[in-house]
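A.B. asks: Residue numbering for the sequence shown follows the working numbering, starting at 1 and increasing by one per position.
In case anyone wonders, no lab produced these hints; they're calculated from the structure. Just so you know, not all the hints are guaranteed correct.
[Stated by the list, open to error] Pairs of lysine to any residue residues, derived as SDA-like cross-links and limited to a Cα-Cα distance of at most 20 Å, are as follows:
id	residue 1	residue 2
1	175	89
2	175	81
3	125	69
4	175	107
5	165	69
6	179	153
7	125	103
8	125	170
9	175	135
10	179	134
11	179	67
12	179	162
13	175	128
14	179	74
15	175	84
16	175	103
17	165	67
18	125	97
19	125	66
[Stated by the list, open to error] Between beta-carbon pairs, the in silico distance windows are:
id	residue 1	residue 2	range
20	153	54	23 to 33 Å
21	99	70	11 to 21 Å
22	57	82	50 to 60 Å
23	172	43	45 to 55 Å
Note that this is a predicted model, so its numbers are computed, not measured. Every residue gets a Cβ at the ideal spot worked out from N, C-alpha and C, and that includes glycine.
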Amino acid sequence: MSGDDAPPPGASAAADVDVASVGGKGAGATPADPSVRRLGAAVFALLVVASFAGFFVAQRLKHVPTAVQQLYTDQFFYPAGGGEPRTEAISFEIERQDLVTVEIINLAGADVATLKRRYPLAAYKTLDVAWNGRRGAHGDGRRRPLGPPAHEGEYRVRVILEHRKFETRSPTSFKLIRKGSGE
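My request is simple: use the sequences and hints to build the entire structure.
C.D. replies: What follows is the structure in structure tokens.
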């Protein structure tokens with residue numbers, strides 16, 4: 001370069017280079033390589049398909065019935081008198097036939113009474129049982145526990161499905177109230 005051909009101060013010597021001759025169209029341009037474009041399109045398509053699949057899986061899960069359905073209990077009961085009801089009424093149904101064990105547990109999860117043990121229950125058949133407020137296990141489902149009275153307090157129902165190897169607890173607790181203690 002001669003002195004006359006020198007760029008003015010602050011100008012770049014590369015300013016005269018043709019941008020198209022180096023394979024680009026300036027800053028922010030898409031890559032010219034077709035394989036990169038195909039890869040980007042494939043990743044985008046994969047994300048769209050995954051989004052739709054996730055949506056349909058979520059919808060399916062919303063409509064799958066739970067193993068134990070419509071588990072109902074009374075809010076409180078008075079096994080020694082002084083109020084109604086005298087027994088804790090419990091009812092539920094299951095989605096598929098199974099051998100069912102129904103237990104009363106305290107809030108710490110310890111067994112207090114067993115109301116049914118390995119009882120065969122058909123799908124969508126309601127099982128109604130009642131707890132008399134006593135500790136113990138009888139297992140055959142025809143008699144109520146005959147042990148000592150359970151302490152006043154809050155309890156829950158645990159349902160165990162043997163074939164499915166599944167267990168659930170009642171979503172809310174109920175209260176056993178002894179005579180004269182009020183609510």
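A.B. asks: Checked against the structure, which of the hints given earlier come out wrong?
C.D. replies: Structure breaks hints 11, 12 and 20.
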